[in-house]
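Residue numbers (numbering that gives the first Met the number 0), protein chains in the order written: chain A, 0 to 324; chain B, 0 to 324; chain C, 0 to 252; chain D, 0 to 252.
You may find that some hints are simply not true.
In silico lysine to aspartate or glutamate, DMTMM-like type, Cα no more than 20 Å apart, as pairs [as the list claims (entries may be wrong)]:
(1) A:Lys11 <-> A:Asp220
(2) A:Lys92 <-> C:Glu120
(3) B:Lys228 <-> C:Glu58
Since the hints were derived computationally from the structure, they do not count as laboratory data.
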Amino acid sequence: MDINSNKITNLKDAVHQYVTPGCHLSIGGFTINRNPMAAVYEIIRQEIKDIHLYAHSNGQGVDELVGAGCIARLEIAYGGTGKFMSTCIRFRKAVEEKKIQIEDYSNYQMTLRFLAGSMGIPFLPTRSSLGTDIIHKWGLSRELRQDTPKVPDQKLVVLDNPFGNWCDTKRVVLVPAINPDVTIIHVQQADYRGNCRIDGLTFADVEQAKAAKVLIITCEDLLDDDYLKNDPDRNQIPFIHADAVVHIPYGAYPTACFGCYDYDPVYLKEYSRMAKEDILFQTYLDNNIYKKNSHRDLLNSVGRERLENIMADKNRGYAKKLDRR
Amino acid sequence: MDINSNKITNLKDAVHQYVTPGCHLSIGGFTINRNPMAAVYEIIRQEIKDIHLYAHSNGQGVDELVGAGCIARLEIAYGGTGKFMSTCIRFRKAVEEKKIQIEDYSNYQMTLRFLAGSMGIPFLPTRSSLGTDIIHKWGLSRELRQDTPKVPDQKLVVLDNPFGNWCDTKRVVLVPAINPDVTIIHVQQADYRGNCRIDGLTFADVEQAKAAKVLIITCEDLLDDDYLKNDPDRNQIPFIHADAVVHIPYGAYPTACFGCYDYDPVYLKEYSRMAKEDILFQTYLDNNIYKKNSHRDLLNSVGRERLENIMADKNRGYAKKLDRR
Amino acid sequence: MEYTLKEMMTLVAAREIRNNDIVFCGTGISMLAAMAAKNINAPQSVIFFETGAIDSKLEDLPLAVADSRIMYQSSSNAGLLEAFATMQNQITGAHIVGILGAAQIDIYGNLNSTVIGDYDEPDVRFSGSGGACDVASFVSRTIIFMTQEKRKFKTRLDYLTSPGYLDGPGARKKAGLPGGGPDKVVTNMGVMAFDDVTCQMYLKGYYPGITPENILENMEFHIDISRASEVLPPTPEELTLLRETCDPQRLIL
Amino acid sequence: MEYTLKEMMTLVAAREIRNNDIVFCGTGISMLAAMAAKNINAPQSVIFFETGAIDSKLEDLPLAVADSRIMYQSSSNAGLLEAFATMQNQITGAHIVGILGAAQIDIYGNLNSTVIGDYDEPDVRFSGSGGACDVASFVSRTIIFMTQEKRKFKTRLDYLTSPGYLDGPGARKKAGLPGGGPDKVVTNMGVMAFDDVTCQMYLKGYYPGITPENILENMEFHIDISRASEVLPPTPEELTLLRETCDPQRLIL
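When you get a sec, could you build the whole thing from the sequences and use the hints?
Spelled out as structure tokens, the structure:
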């Protein structure tokens, strides 16, 4: 991939080329916002399995990938989406039924792990979790760690402060870097080379993007010229990190995309309802994902009215009048 | 200081209250851009001495503070301003004449040290400087370190990677956090509570600001209402870090302020010329700083024509037609 | 004025928030408590989310800490790194009060939000820490929402997700933790605080119509009830502001 | 066409830059070399500054790496943290070529830009590392500008600011450094490269009118000159683009 080339492609090809069985993956967004849902659905549709997924609180996308059986191992801080699912339903089932291996961290720790990966260092320190079971209980065994070169040999390391009591700190927890094989994020604007502009909170997308060996960007608006260079202060990810750029309007649907559209409460509630029963969930997967050819197909079946309901007020970035009860 | 209060004050009071003799200080900007020069001149005018200064490549402001005899100790990465002074002239003299104590780091290391301070951790790791004299030669002795609680007991620590060869990394250098007593930055826009918006590169200003026990902000535009909240994505420093906000148009002069004005090549060349000789430099200090009551006095003596010459083109952020030869 | 227990809990937590506090809140009732404090008793308090927004306007109630509603008219929009650094930073962290919830709590205010049963063979899996462990590790004090049930107030946690006072006096410091630890536990029956010396939970208040004994019956461990008094019920003004300003659509209440 | 040695040096360095390189540059001649490459032989190369700007338009020549001219029409404006992380990150770092200068260099391409004399009692103080040590530590290869003088090509450096190959084969790896090390040294008399096996500097080229012996006379240590050939002089096209497009005001040239 030439760094300075035109990287525009389509979602089917990008997922097929980069998201391979057994790959280590991370996805952007947080709970019900800016998840790269079109890409998540495409991964499910292509039935890519045995994925090692890294998540802080990525929420909806995680639950659907887990539910569809794509995930073998999951390093995660939070499997929930807030009000819609205080605990992600398929995630919970999969863990309780031991269908996936799981290892727990905190949100900050997962974010630091991506940051370490993006910085090219093996670990970063924090004071979070000292004295807790996040330190004592490992989800991935030492044996698995020894046998798996893409997993570090320890979950984390507690280190006495080598600078005495500097910063009034006795010891710190070192969390190991993550360099996913692939990171997929959804952004409001990207250009042909892969410069990205995110409006609203960036969550940990920037660190996830820069830590990845391959970065796939899906975007609401695709610019085939250098327009984004007119305001470089707002471009959080420069093109040198990008490998594929895909134009997918409503690419975060049914999660929200600040400034563009809100989450769809109808979809998310229906999802929660159907996720609760295995048979219903299979129906959900069939109707909403497998039987659809593309994200556009899904949007067509959702229909214009619901998409209009979630359209963001331009001054607020969300749909003020949306009925969320 | 109430976090949510109106923090507008004037420069004389802010400097007098917070920049005390012997304090540990850091200033924002880089070489010839966005140094908080009005505040630097006020510190010199108030003859505050024995300061411990932390700098990456802060350039013009560092050289003037050193030249005026305000600095006792200096932890620094680069004492230069680019084309105007490949090595800062008063800095060089002070080091060669042993008038200040100096300790050398790299730019990344100093930035990481501020970042560690802002994150509330005692150190951060990097692979920079392994095998070099930055590791072997310490400017501040172990004895001084033992006797000075505000200085860490070691310059840096080399640590074998506790995660084996994770990230293909054998060992790292840990650099200790900095929490300056005071950081002073100059920004394009701030509001009464201390929300800051920086246009163009932020250098390490954000980390320096968030690491500080006290943050003084000088700004080109001061907003006495919540206008900056209309575009929160562009506000890099929220008000919770701020202690004093001072409105000083041309507060970075003679260094540049992107979008507002360029550096003044006439001033910077004249400075370089006068800095070369002790007697001339004393004249410079007398005429440009001690005999002036305020930054406005200095700007008045510079005159409208020169200020007009450096006025930034609004579409470029700098003065396209400025004669810089 | 009539009120629900959820309203009572929200307002009791809100009363713990003071001007000059920076309030970290999660989803649901904790967010509502922070909004109530801001609208009722602590107008100068600042609301803050782990996702990176600070001082959000909150014209409408968010349903998650990543809801676009928190991004509108905040003082600064950043990301998780900045948010958690603000908590871990002892200069800003000293101003922060965190509001948390959990599946289990013990007498030292340690929280479990990860599993019931064995970690490797869980009977019930919950969401996990999210930012809770970070908040509980870093900030000056926390307020914890709990439902008063025996299976939730546990002698021994199945998994310690978020640190309270760990195993007692000095334990946080010994472990290397910064921050202050739990300040209050707000349940549907009363309010607990923590003893300055023993770091153990004690009953501080019980709601009208509830007795200290009722509360003890709904806990696996015993706590001191000698310092308890009845909690003042919500005032009409509190209730009106909570219902009409904070959650008019009754999304949480 | 007539040309100055400074023009020759700039163009010789520019020729080392390829399409798909990300070029880290400092102030002065190194920035001009990067601009020359972009305008002449490597239009797809990307210019990058330690202060946080990448892919700047550079309509006008900056006089410092913090000059506002680098902030105009870049692909992204950030800060030092992002810039150095991009270099230390091995995925992006593999694409980066750094252009450096120094006061002293040794046979392994180690650089001194800190002091002449003792560190505690310096005879001459220079600017110090700035980002040079970081760049030399991290990136895939570096190009070094030097003036050909005995006091600058030293058997032993007074201070090792920026790592080259340290003390020879395997030493970078042993020290724990990533990155590749020095690739070329461009002086006012010729160009040196580094032997794949010994990691020692050797003469690769000498400018028209200069002999290998002239160069050896201006170095404290001896290098192999057996592989040296004459460097092609600047073409009229190179000179015209350099003078008229890159530095029309002759701020550096």
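So, going through the hints one by one against the coordinates:
1. A:Lys11 <-> A:Asp220: holds, 18 Å
2. A:Lys92 <-> C:Glu120: holds, 12 Å
3. B:Lys228 <-> C:Glu58: holds, 14 Å
Hint compliance for this structure: every hint is met.
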